[in-house]
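Listed here are the chains, written in short residue letters.
Protein chains: 2
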Amino acid sequence: MMKDLHRLTATEIVQAIQDGRSTCEAVTRACLTQIEEREPDVQAWQYLDPDLAIAQSRILDQSGRRGPLHGVPVGIKDLIDTFDMPTEYGTVIHARHQPRIDAACVALTRRAGGLIMGKTVTTEFANLTPSKTKHPQDPTRTPGGSSSGSGAAVGDHMVPLAIGTQTTASTIRPASFNGCVGYRPTWGDLPLAGVMEVAESLDTLGLIARSIDDIALYRDVLLCVKPEPLSSQVDAAPRVGFCSSIFWDRCDDSTKTLLHHCVTMLSKAGAQLVDVTLPQSFDRIPDAHRWISSFEFARNRAWEIDHHFEMISERLRRGRIHDGLTCSFEKYKSSREFAERSRLQLDDLFSGYDVLLTPAVAGEAPTGLEATGDPSFSLLWTTLHVPSITLPLFTGPNGLPVGVQLIARRGADRQMLNVARWVSRAVDWDGGFTTTRSSVR
Amino acid sequence: MMKDLHRLTATEIVQAIQDGRSTCEAVTRACLTQIEEREPDVQAWQYLDPDLAIAQSRILDQSGRRGPLHGVPVGIKDLIDTFDMPTEYGTVIHARHQPRIDAACVALTRRAGGLIMGKTVTTEFANLTPSKTKHPQDPTRTPGGSSSGSGAAVGDHMVPLAIGTQTTASTIRPASFNGCVGYRPTWGDLPLAGVMEVAESLDTLGLIARSIDDIALYRDVLLCVKPEPLSSQVDAAPRVGFCSSIFWDRCDDSTKTLLHHCVTMLSKAGAQLVDVTLPQSFDRIPDAHRWISSFEFARNRAWEIDHHFEMISERLRRGRIHDGLTCSFEKYKSSREFAERSRLQLDDLFSGYDVLLTPAVAGEAPTGLEATGDPSFSLLWTTLHVPSITLPLFTGPNGLPVGVQLIARRGADRQMLNVARWVSRAVDWDGGFTTTRSSVR
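Protein chains in written order, with our numbering: chain A, 912 to 1352; chain B, 912 to 1352.
Hints are not guaranteed to be accurate.
Which copy? The list can't say, so a pair holds if one copy fits it or any two copies do.
Below, simulated EDC-like cross-link-like pairs (lysine to aspartate or glutamate); rule was C-alpha separation at most 16 Å, straight line [as the list claims (entries may be wrong)]:
#  : residue 1 : residue 2
1  : K1137     : E1111
2  : K1137     : E1241
3  : K1244     : D1100
4  : K1167     : D1100
5  : K914      : D1163
6  : K1167     : E1225
7  : K1242     : D1100
8  : K1167     : D1186
9  : K1043     : D952
10 : K1244     : D1131
11 : K1242     : D1131
12 : K1045     : E950
13 : K1043     : E1139
14 : K1045     : D1164
15 : K1179     : E999
16 : K1137     : E950
17 : K1244     : D915
18 : K1244     : D1163
Honestly, the hints are just simulated from the structure, not real lab data.
Take these sequences, add in the hints, and give me the full structure.
Structure, rendered in structure tokens:
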């Protein structure tokens, strides 16, 4: 039999099972062994029932090929409903809650033959207050949030794929810290039915994997389209706008160096690189994001606020909930309208570029478990509804992963994935994780 | 004590309780008596527990004034989660389902002192297949859908207020058929957390009442702002665009006459009336609505489709689900992009008008209980994300209500409500329902 099954990508697992070189049960057992060994340190899982996973794997092995994700174990952020596993949304208020049905993304995963391995840890209501998960490569560091468990589980080879969500930086940040590929789709493209509402004007799903091909595959599954492999090459070297964005000053110096190095390598590989300056008015986007996310969150969670206020963390009560309860509707509305105008402006800007290149995070995962890292580097793009992807192209001064983020025009997700592959080859990243420079353990 | 408490508007109830002229318990008992008398014919309620309602009313009477809706009984469409009452979404698949928490709109209603009277009947998954409700004034006719119970309950004086939802015409149509004021907000303004997802690009809440003031009051409650009464008069006679729209040919002749009569009366009252022609491209909106709503619905309800397909009505399976499962992502995406471009076009059009005046329905509620009436007259505006309101200004040839619809620019909901009051006065409708010409029983 094949070795190290838990290190395979989803695409490789599907192929191995289809070719008869492995089985879903063997893959699932390999992942469970890795989890058993690593979970005491990492604590990526909020719910995991090994017997249920193995039983499901046997059913899949006996059922014949169900779909394009047949036999692939997937981690589901515990903000997302599952009919056969509790869903607690990162809060004791909902301890042991058992939803009646699967969220749409979970049902579609199962329809495609995916195996729901378990529920991955989320921060409290997908906000800032961390839960128990630690960085797999250094337990004194944060794995990022709010999709903490999804990032750590994929990065630590417990599962090849996981779903997260993003309202600010909740997919890109943990993916970057854990050396994964993280993808945040164009707002509105992937279904949120059955996912706890954080802030509906900003929320999306997020996908975390160890290869770009896996992201493309899982995206197609969730779009209900027949998966098509990414084209083996883009037609022409891409036009890349280098966007240091308004948060450049918050980057670690080493990250600035890595980004400049990346620019140089892409230029050498033939890409057209141009410095991009965002419209001055975009400086107001962080403010708009603050009021939109707070107003909507406080309203969406009205029941929890009225019934269990004392069970909500002080950080959340004094932060987003306080902001939301004191924000006027007029301020919220003007923030939403400003964000929408900014989206149209950015559409225009993209006439000159295929993608923008920008930091994914300030640097390596910071030490300390009381916070989940600076979300600034995704906040802008989240608010602008554009797709983004972080690629684990580099490691920082401590040998920990540092992601590089690509941004594309709204609706250009597929093209972005193609360019991402071009970029990863240009910087000599082989597209897997097990053999990349980012893997320092 | 006051008489006919069940005929009061919400605004009148709040005032009567505040003045000590009545109590929440007295109002609730009056409504329950009306329900007891009328429910065998109308069947507006999916769940109603009189004891729970009375117990809640006593708590409210003892608690002191909680908020601007203090003591008002409200009906909640059974598509919307309630922590203390089952929520079945109009399908046997979810029979006796008990949600864990309140939807945001329900929690905010309680926070404001509203009393949740019970759950009103919805069609199956808020789609086309009718449930048990009949038209209060003629049991051989449909009450409209999908907010069938909400429309019938308010129209038949069982409660002064109800929440519905709208993805096509599900609030405006039942409100119009039942002689109510029905309001569909600007898309995105009112919270949908805890409401079953039909099609997220189109879904909104809808409010049904017997007065425009009640709509303004309830809207403010759900926006979490301090309610402000509508101004007693608009600054100037409004500029009204008369929009027969692309569906004029589907109107009953009597409705066309009523609409023209309305135009004449508004002109006499000083309004500037201008015929409006919509852009030719809007002819494609019904197609866009079809693909957007079907694609999203079929994806959102993936779990029900995969687990309980045989329990879904044939109409829904062969209609929206078939459409949704066969619609390509590209077709869906181009429909969504077309809809967004059309919204921007309509924004521009509104520079010349305060509101558009257009039919709300083809005419009176049609006979036959196998369908819920032609949704065409709302479909366009729903897709365009603009606010709309139907006013029960007229009765048709059989003495049944026929609504007139006003449309405003996205975000201009409050101005629309002010103009609606001006319009209702100009056509000599007193703003209540108990004494209007529409009330023929």
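Results for each hint:
no.	hint	in the structure
1	K1137 x E1111	neither (28 Å within a copy, 23 Å between copies)
2	K1137 x E1241	between (44 Å within a copy, 12 Å between copies)
3	K1244 x D1100	between (23 Å within a copy, 8 Å between copies)
4	K1167 x D1100	neither (32 Å within a copy, 40 Å between copies)
5	K914 x D1163	neither (39 Å within a copy, 73 Å between copies)
6	K1167 x E1225	neither (35 Å within a copy, 59 Å between copies)
7	K1242 x D1100	between (27 Å within a copy, 13 Å between copies)
8	K1167 x D1186	within (14 Å within a copy, 60 Å between copies)
9	K1043 x D952	within (10 Å within a copy, 56 Å between copies)
10	K1244 x D1131	between (34 Å within a copy, 14 Å between copies)
11	K1242 x D1131	between (38 Å within a copy, 15 Å between copies)
12	K1045 x E950	within (10 Å within a copy, 58 Å between copies)
13	K1043 x E1139	neither (38 Å within a copy, 46 Å between copies)
14	K1045 x D1164	neither (25 Å within a copy, 70 Å between copies)
15	K1179 x E999	neither (49 Å within a copy, 61 Å between copies)
16	K1137 x E950	neither (35 Å within a copy, 50 Å between copies)
17	K1244 x D915	neither (52 Å within a copy, 40 Å between copies)
18	K1244 x D1163	neither (35 Å within a copy, 39 Å between copies)
Of the hints listed earlier, those the structure fails to meet are numbers 1, 4, 5, 6, 13, 14, 15, 16, 17, 18, in rising order.
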